[in-house]
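First residue of the sequence shown? That's -8 in the working numbering, and the numbers climb one at a time after it.
Only true hints are included.
Below, a list of computed lysine to any residue pairs in the SDA-like style, where the Cα atoms sit at most 25 Å apart:
1) Lys54 x Val(-6)
2) Lys67 x Arg29
3) Lys67 x Ser90
4) Lys67 x Val(-6)
5) Lys121 x Glu(-2)
These aren't lab readings, by the way, just hints derived from the structure by calculation. Computed from a predicted model, the values in this text were never measured in an experiment.
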Amino acid sequence: MNVHDSEKMYGVLLQSGYQRTESPYAADLIILNTCSIRQKAEQKFYSELGRLKSYKKRKPDIKIAIAGCIAQQEGKNLFKKNPYVDYVFGPQNIHILRSIGGKSRPYAALEDNPNIVPQDLPADRDDGIKAWISIMYGCNNFCSYCVVPYTRGRERSRPSENIFAEVSELAEKGYKEITLLGQNVNSYASDVD
-8 MNVHDSEKMY
2 GVLLQSGYQR
12 TESPYAADLI
22 ILNTCSIRQK
32 AEQKFYSELG
42 RLKSYKKRKP
52 DIKIAIAGCI
62 AQQEGKNLFK
72 KNPYVDYVFG
82 PQNIHILRSI
92 GGKSRPYAAL
102 EDNPNIVPQD
112 LPADRDDGIK
122 AWISIMYGCN
132 NFCSYCVVPY
142 TRGRERSRPS
152 ENIFAEVSEL
162 AEKGYKEITL
172 LGQNVNSYAS
182 DVD
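Please model the complete structure; the sequences and the hints are all you need to start from.
This is the structure we're talking about:
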């Protein structure tokens, strides 16, 4: 899911006039797309965030954004613990990147409405053969060990016509392998009347 979320972030930013750079130190905006499913992923995130703190002191104009599940889970507490962070947004709010340059800092976009299906967004894919398509978001199972229902919300299915349109577009572009994504794809359309 996070790889595809990152592709959508790239797509929105490219559409908004940003350019990709291979080095975070050449960037005007650094986005850390986070995962909170495993402790090691959280530890890596906080380690990287600590490195960016000293970089922000040397280059105060750079903007730092925290995206993804840790952003949704921790919310505005990230600003309290890390005042050098400029933006925080959860996985349902990737679309805010369209206007992030005009947001005053600190700015948080966190979704607390479990019924909202994230907008269809452009994706900038690195691989011209394989592609991921989200068919649903969230989970209703509330397993004792899992944070997904809390960070990605309850199950919401994308409209089938949007999925078919995206598959057709990818096929026309020459993609050969399309993986359907969702935390629990077997529940697709169970939320649709």
